[in-house]
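These two chains come separately, so use the hints to put the complex back together.
Here is how the chains run, residue by residue.
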Amino acid sequence: MLTNLRGGQQLPEIRIQDASGNPLFHEGVEYSSPARGTWTIAHVSMLIPHAHQIFIGGDCCLRGVVLSAAEFGGLDRFSMVTVKEDDVCQNKIDEMYTEGITDILHKLPVLPPAVVVFANCIHEFMACDMDAIYRKLHERFPSVDFIPSSMNPTMRKSGMTPEERMRMQLYAALDMRTKNPKSVNVVGNVYARSPQCELVKWLTDGGYVVRDICTCSEYDEYKAMAESSVNIYTIPLMKKGAEALEQRLHQEAFYMPVSFSYTEIESCLTKLAEHFGLPVPQQPDGTPDFGPLEKLADDALARARRTAGDMAVTIDYAAVSRPLELARLLVEHGFHVVRVYTDSIPPGDERAFDWLKEHAPDLMLHSVVNFRCRFVPRDGTAGGGRVLAIGQKAAYLSGTNNFVNIVENGSLWGFDGICRLAQMIEEAALHESDMRGVVQIKAWGCRG
Amino acid sequence: MKQVQRVLARYSSDLFGMCSSLYELGGLCVMHDASGCNSTYDTHDEPRWFDIDSMIYISALTESDAVMGNDDKLIGEIIEVAEAERPKFIALGGSPIFMMMGTDFEGIARVIEKRTGIPTFGIRSSGMHSYEAGAGQALSHLVDAFCLKTIAPEQSACRAEGRKNVRDVRVNILGVTPLDFSVTGNAEGLVQFFEQNGCTVVSSWAMNNTLEQISQAGTADVNVVASASGLLPAEKLHDAYGTPYVTGLPLGREPSCDLLDRIYEAAGVKKSGEWNTDVDAHPSEQYRAAAEGIPLLADASLPPEARRTIQSENAVRTDVRNRPSLYRTIAQVLSSDPGQLVYIIGEPVFASSMRACLEQDYGARSVRIVCPLEETCGLLRECDLHTDEEDDFASAAGIADVIIADPIFRRILPRGKSVQFVDFPHEAYSGRLYRSGIPMFIGSRML
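Chain order of the listed sequences is A and B.
1 is the number of the first residue of the first sequence in our numbering; add one for each residue after it.
1001 is the number of the first residue of the second sequence in our numbering; add one for each residue after it.
Treat the hints as calculated values from the structure; they're not laboratory data.
Since we're looking at a predicted model, the values are computed, not measured.
Be careful, since some hints might not be right.
Calculated cross-link-like contacts (lysine-lysine; reagent style DSS-like; alpha-carbon spacing at most 27 Å) [stated by the list, open to error]:
#1 84(A) <-> 1002(B)
#2 1002(B) <-> 92(A)
#3 1114(B) <-> 1149(B)
#4 223(A) <-> 201(A)
#5 1417(B) <-> 107(A)
#6 201(A) <-> 179(A)
#7 136(A) <-> 1114(B)
#8 1149(B) <-> 1088(B)
#9 240(A) <-> 223(A)
#10 92(A) <-> 107(A)
#11 107(A) <-> 1088(B)
#12 136(A) <-> 92(A)
#13 136(A) <-> 107(A)
#14 1002(B) <-> 1417(B)
#15 271(A) <-> 240(A)
Calculated from the model, a selection of chain A residues having no Cβ within reach of chain B, i.e. all distances over 12 Å [said to hold, decoys possible]:
#16 14
#17 30
#18 35
#19 132
#20 146
#21 219
#22 240
#23 253
#24 273
#25 277
#26 430
Glycine included, C-beta positions come from ideal geometry on N, C-alpha and C.
Chain B on its own, in the form it takes in the complex (with noise of 0.2 Å):
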């Protein structure tokens, strides 16, 4: 039956997705819900939550609320955290309950913003979305509170006569999450790709950076989706400066080059020497000890049945931590047979490049993606699935020789069938399970 996860998680909602983008910009973010949210938000889909302070909040709306749709008392509480904290913005997303109620967000949105003055938006989502929806409609945002009250669309790269015959190229990275990136040190990694091959990084959406250098958007030569959360951000900034955009992650050797030759060619600027692809970030002072996961302790004090479970669990965990290089184990299984079908599952940027890499780095010549989210940014081919149902999971299982996703996913492995498993674990999906053993997958280190 669809929609029935017998054995499988569920990726992060358009809700967390909103939060996650806007976590490190110093604005308010509510969750318009009665509880609950706010705990998986923060523990499984946030990172920075114990290390970095941010105004991320839930309404905690009761049965009362609901019935009576009592728009009045979530504006007036906002109100009074917006009076005591003074964020730079503020931003609501609702949960199911508000859909099934037609909250009008953007009408509150509005209201609050006349009456605090401070920029005020509101984004459709239910919870019952993908994260990259939610990511996408925040920092969309920016670009009309923030980017075009800084730099206006006549005075954009594109537009200005004194960027032409120039050597760099300056872009922005869109699509920069924990939920895509973890804090691991492949934001850091991103931007040191970038800045090493003479780009000039004005803002990077939204990890190690500050509203002040996103509102800089709008000087970039050219913007890089760097995951689907970055796709609508890309085609705002796209209408609003006329700045073209590049989609793709720079994993491997030749598809780190060829990105490069892409942003290039879009910012009409000549390539000048050997791009260098070899990547070496470490995660950022501010996410050092995030990067590290939870510890899940075999405490002496649990009862046996606990110690056991919590012992396999780290023992799993160990195993991804010191598996041998990705690409390594990849490279072992092709170079016996290049044709072997292989499965990647996930987030379509991510997957794409992934294909890429594996297409042009090590001569496979069947890789086909599984995008379980509902943004797939043009990227899929007529031979991948666009699903995220359990059963086509373990369909596209069944015929793989070779899968590359998150840990979780093994649970729908076949039995009998002989499948190489490539663990690679992905926040948006297991949260902060496998984070010590997310890899820094940005550049060609890793081949």
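So that you can see chain A by itself, here it is in the shape it has in the complex (with noise of 0.2 Å):
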């Protein structure tokens, strides 16, 4: 009965080979695929213990943010302050702002220790004095850290983007404190990386108290994040913030990239190491000996491309920073690695993407957004065979149920990193998931 859309069209993707230029696409209209695990500004603000978020705006933009947090059970922290075209029209928009506010915190059962909240492009176009906005609230809610942060997609593409202030604005509410010398943060993730990742294990196996935003339940923990003395990011996205809080607060920003590279998570290894005074595993020469820990990644991955066989691979960018250096890990050690989802070659994947060039020039970049994504073949084959997807975008642009749920590079690092991804990659070669109701869920595994 509906009209028939599909044939014919061109795919939006092209061979790494030919590829040059960043962003890789024309940029014009956009789809927007139905794959939601990655984390949006009104997921990653609940990270923060207790506090209340506050959304200003209009309908369409408050829509999204408020259902979101219902659908993570997010409501009691969660309110709005609705815009109207009137509003704007009689410049009211600096009043509503203040009252607004005012009148939600006056209303709540208990004063939040600390109140996110988010403005957005109307604000920005009204020139509304945020200081002064910002100035009486703290004078009527002096208890209350405000944690300014923007709903502001308009300015995406210049200058700090709303996901980069929002990475920074997460520690904003973090105070000066005495530096404590064997304190040290990760930050910057929505997900805690793994205990058992060489980074977090050989700084806690060296004495180190290690805090994540992720794992403080209370916000006296949260704001215990001010004593330590370093703070490791591990993501490009954090970058801003990292530096931001080496100003404020004197605290060293390190970065250690979530890498699938295993030069650079030896450099990083030796790197940590040195700053921290900790052991590094060393060969009778006294060079630093990666040895086993390369063996046990090469034989994770080993068994696993036993276990995937021929299948093709196809990874998205949602699901690690480094999309391209994977699948140069990947190709490496075998696996049939088809396709990568990406607008664009992400910072720190230029090298990876020069290597695939010469080495995998058949290699297809695929779009994630380009308005054709929405009338790409999803039947869960290419050249013939089935796929196994790395990510929720590949696995619904890929159409199988084969995949590897994960987004933002989940609580991967190091060695240990790649040998878990390994396994994630054998499972999802064995078994298949329910792709539709897994990759519609917003923001996986954030908590109300």
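Shown next as structure tokens:
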């Protein structure tokens, strides 16, 4: 009965050999896939224990965030002020901001320790005096930490993006404290790094307290992150946030990326050991010995490769922050990687891009937002074989139920991360999941 | 304070109403927005997104596009898609930023139509009005763009001599979108209800229908406004063809009969036999998977807090799904005292039809409506409230004995006061959250 819109369309993809420029595809009107596991600003800010969120904006902006909160059971920590057309015409936005937030806080059963306030593009275009607004709010509620944030996707390609700002503002309520040299933060992630990964294990074995907002359940615990002397960040999205903390709280910013390159992981671990005075396994000649860790990863990947057989592997940019580096790792270990879903070369993936161009020239780079994505074949096959996807978007766009359900790097880091990812690949190769049901759940693992 | 939602949600907006109403018709719909509107719409307001292809996109404008008011870029990009996909029409609407910029969507639409030859229309949206405003405008545009080009005014049923003294009635059902009817069988139930009572359904605007069927709308004797989204197209069809319209939904026994009486009377056709109000419809094949809703999994790999949240949410959903017949619950409540004060919060056509059911089938004597949408369809009484303010909802809850509303409204129930709350999930309010608990409410089967 419905109009059949499919058939004969050109696919929004390019061989990596032919790819150049960043972004990789012509930008225009955009498609949004139903794969929803990545976290939005409404989810990320929930990581601050007991913080209340207040969003201010038009109906179409508020609806997405309030229903996100409803879906993860977070409505008790969520309120809104609705801006209507008349408010814009009558220039009442500043007043709505202060009075609306005041009204909400007066009505809450308990005053929260922190309030994350999300302004949107209307405030920016109306040139609201945000400093004056927050001064007034501080006067009225001196015990509350107000955390300014923004829901302004218009700015997503200029300056600091809303996602970068949100990661930075996650730590905005931390105040200057005396530093504890044996306390270290891992910042910027929505999942804590696994306690078993080398990054966390080496530090804790070395007597360091490793703090992470993802494991904080009380506000005081969160505030104690200000005592740490170093902020380790593992994704480029947190770079500006870590630098801001370095300036504001004198916490050293230390980049330990989630990488799938043995060389880079080893370089990171060497740097980590040197900086924190941690022991590194050594060869008889005194040079670092990462052989056993490499062997564990090699063995895990070999097992996964045997299980996956000739399944065509696809990877998306939302699963891991360096999808091309992961593609390279898998290609080097004999996997049949056919497609990476990304619209750009992510930061840190440049070397892997160059390597793949030379060694896997037929690998396809596929857009995730180009309008043609609506009509790509989603039958779970590629080149006649079954598809194994890494990431929700890859699973959806490939149409496969054999997939690794991971977003935003999960809790992976280092050789341990590679071993665990290899196990997940094995699982995905052996067992089908309910892709339709799983990928539509917003912000995988978010708690209210 | 006004416009503050401490604990409640917001209804779907005009922009999403536009997309929802046109979704199945083979057109290209572009939301002029930076980002965010697309994911909100297709996650929460569009149950068909996973299973049924539709050309709904956002323009993805950037800061410089907004500052410079770069309409040419938008026009060029839409033309690029149109040339690749050859949609049957193009519809445009904007989010708040474009209201502030004063973007002329109607002008942009004229330029695109001229360059592509594809019927194009822009709707006046800002993302700051409730959904029926956008849906109504979008559906009205179909009258000019397609109906009048297919059926000339002089060929309309109302003016055709050959249609006199016939025994059946040809109807269009207007304002049928998942926002009000979900995908749980109500759209199909409406068609079944009319067909089993001697009506021919020319078109349903716009679920389970094609643009070609809608183009035949001028051949109908009567238009049925099934939701507030159907009012604008009904007025437009009346202006174009002189077709009368009747507003209402067949809920319960007596109001369903009354609706049919009014439709036959408007058509000038004599009633034949008894009305059959017993509807047993199911979702059509294309909606079946979506009708199940989205599982919130209590995955063992999640942190304990997340598992607890999801388990508790799943319990609420199960509760909603397993609740005994809605009408039976209400009947039990009213049987002890028909004078109890009932509040129905929701879309006006549904709410007034529900009120008619409670009054006529159950003898309820005090039923009031709270209409949170901008369009009331003239269905409110003096005792009713026309408001979307949380404080007003709370005031109504403070004096109500019974409330029929979306489950999210449970959050405003007063502490310490006993109120019988009847969950009636509404996709335009709680989105997909309680979809699996949305009942088949058309007809009298739930009695």
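**Study point:** Hint consistency between residue 1002(B) and residue 92(A) [alpha-carbon to alpha-carbon, up to 27 Å]
**Key:** This hinted pair holds, its Cα atoms lying about 12 Å apart.
**Study point:** Agreement of residue 136(A) and residue 92(A) with the hint, judged by alpha carbon distance not exceeding 27 Å
**Key:** Distance ~16 Å between residue 136(A) and residue 92(A) Cα, so the pair holds.
**Study point:** Beyond 12 Å from each Cβ of chain B, as asserted for residue 132(A)
**Key:** For residue 132(A), whose nearest Cβ neighbour in chain B is about 19 Å away, the distance exceeds 12 Å, so it holds.
Exercise for review: Compute the least Cβ-Cβ separation between residue 430(A) and chain B, then decide whether it is above 12 Å.
Suggested key: 17 Å, holds
Exercise for review: Could you let me know if the closest chain B CB is still more than 12 Å away from the CB of residue 240(A)?
Suggested key: At roughly 17 Å from the nearest Cβ of chain B, residue 240(A) sits farther out than 12 Å, so the non-interface label holds.
Review point. Does the claim that residue 30(A) lies off the interface hold, with its Cβ farther than 12 Å from every Cβ of chain B?
Key: Residue 30(A) is in fact no farther than 12 Å from some Cβ atom of chain B, at 4 Å.
Exercise for review: Starting from residue 1114(B), check that the Cα of residue 1149(B) is at most 27 Å away, please.
Suggested key: Holds. Residue 1114(B) to residue 1149(B) sits at ~17 Å (cutoff 27 Å).
Point to revise | Pairwise hint evaluation, residue 240(A) against residue 271(A), where the allowed Cα distance is 27 Å at most | key: 21 Å, holds
Practice item. With 12 Å as the threshold, tell me whether residue 273(A) passes as away from chain B on beta-carbon distances. Key: Residue 273(A) is indeed farther than 12 Å from all Cβ atoms of chain B, at 30 Å.
Check your understanding: Would residue 277(A) pass as off the interface with chain B, using Cβ distances and a cut of 12 Å?
Key -> 32 Å, holds
Check your understanding: If you draw a straight line from the CA of residue 1417(B) to the CA of residue 107(A), is it 27 Å or shorter?
Key -> The hint holds at about 19 Å.
**Study point:** Distance restraint between residue 223(A) and residue 201(A), which requires alpha-carbon spacing of 27 Å or less
**Key:** 23 Å, holds
Of the numbered hints given earlier, the model fails hints 7, 11, 17, 18; all others are met.
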